[in-house]
Amino acid sequence: MPENTAPALRPRTGAGVHPGKPGSQSALRQRNQQRILSALATGGPQTQAELSRQTGLSSATVSNIVREMNGNRLVITEPTTSSGRRALSVRLNDTGAVAVGIDIGRRHVRVVLASLGYRILEEEAVPLPLGHCAEEGMDAAADLLAKLLGQAGVDRAAVLGAGVGIPGPIDRRTGTVVHGAILPEWVGINIREALAERLGTPVHVDNDANLGALAQVTWGPHRGTDNLVFVKVASGIGAGLIINGALFYGHLGITGEIGHATVSEHGVVCRCGNRGCLETVASTSVMIELLSRGAGEPIQTADIVDRAAARDPATLRIIDDAGLAVGRAAANVANTLNPEIIVLGGSLTGLGDTFLAPVRRGFIRHCVPLVGESTQVLMSSLGDRAEALGAAALVLGRHGARLG
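Under the working numbering, the first residue of the sequence shown is numbered 5, with each subsequent residue one higher.
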């Protein structure tokens with residue numbers, strides 16, 4: 005297959021398929037319901053007449069949909085007056101409309117359901133085979149979403165949208181994964197369109213490190229931080245940038261690719277084609293490869309944490325080397341952006357100070373002194389949930405929902 009040709013995606017059947025074919029009456033009703041939910045999420049309580057004007061739907065259509073949503077506990081209606089006339093005020097029921105956050109990794113998919121009040125209703129992760137194709141990952145996400153909606157007793161039409169995190173650069177113009185992703189099987193695929201068809205709801209796609217950064221200033225202890233860098237260390241290494249209170253995307257959306265910063269000019273060749281990239285010395289894939297030499301059984305990321313806790317000398321040396329390299333790369337970012345906080349995330353958060361200490365040493369060694377002294381370098385408190393939580397926050401923010 006030519007390099008720039010995206011593989012065809014087969015229509016999907018079974019669990020997770022959105023109800024009703026495109027153009028069907030049920031699909032039209034669901035889209036109209038989501039328009040009303042979005043209007044209420046953005047504009048707050050409104051009368052039915054105001055909803056009609058804002059959405060462009062007829063008064064009769066709004067009345068019928070509001071009646072149905074009230075029966076499903078998606079909205080709360082109350083008598084009111086408007087221009088001296090009796091009217092019906094409609095407001096969202098916090099336990100009704102939900103945002104979906106999806107994190108698709110190299111070996112897993114995690115889905116969370118969040119209410120408009122930023123309360124997690126359901127959450128679950130399932131494993132994926134290494135090297136899974138896009139269809140397999142999206143099908144797993146759709147099936148898991150269907151399961152969680154059932155467990156929560158939430159109607160699919162109550163879903164405002166789904167945020168999706170992918171471990172790789174995303175071209176924001178097209179919503180496609182570009183070369184350099186940890187999931188090469190996904191390169192060139194328009195996830196936004198393909199997954200929206202499976203889920204039956206609008207989809208917003210972003211790089212997983214960006215969503216990890218968003219999670220830190222939304223769900224984590226760093227709410228209100230204006231300048232923050234989130235560094236995700238996993239099979240790949242990337243950074244999400246919060247600058248002046250907002251995610252920074254640059255020209256095309258391809259930012260924070262610190263995993264491909266050169267740390268050794270004569271190092272091994274990286275998957276990106278360059279030599280001596282940070283990922284070639286500090287990613288979990290490299291750690292696993294080094295520790296697996298001579299091991300009687302395959303090593304997993306969880307084994308790195310367990311071996312470190314047991315004070316295995318080889319594991320501690322590999323972690324120390326990786327931490328120093330990550331700290332050096334983080335220092336280069338800090339010298340450029342001068343953030344308040346740098347947060348480490350990814351699958352090694354369970355290492356705690358064992359990983360954080362060498363990162364801090366490398367950071368201080370390569371930072372401008374004043375930047376090093378004034379920048380906090382911390383481990384994420386959100387663990388491996390950060391990217392999915394950030395994906396849900398992306399949807400809530402787009403629909404005007406804000407933390408109180």
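Derived by calculation from the structure, the hints in this document are not laboratory data. Any given hint might turn out to be false.
Cβ-Cβ distance ranges computed for the label pairs, FRET-style [to be verified]:
hint : residue 1 : residue 2 : range
1    : Asp357    : Gln155    : 20 to 28 Å
2    : Ala156    : Glu269    : 50 to 58 Å
3    : Arg95     : Gln380    : 35 to 43 Å
The structure presented is a predicted model; accordingly, all values stated were derived computationally and were not measured. Where is the CB? At the ideal position from N, CA and C, for every residue including glycine.
Here is what the structure says about each hint:
{"no.": "1", "hint": "Asp357 x Gln155: 20 to 28 Å", "result": "37 Å, violated"}
{"no.": "2", "hint": "Ala156 x Glu269: 50 to 58 Å", "result": "52 Å, holds"}
{"no.": "3", "hint": "Arg95 x Gln380: 35 to 43 Å", "result": "40 Å, holds"}
In summary, the one numbered hint that this structure violates is 1.
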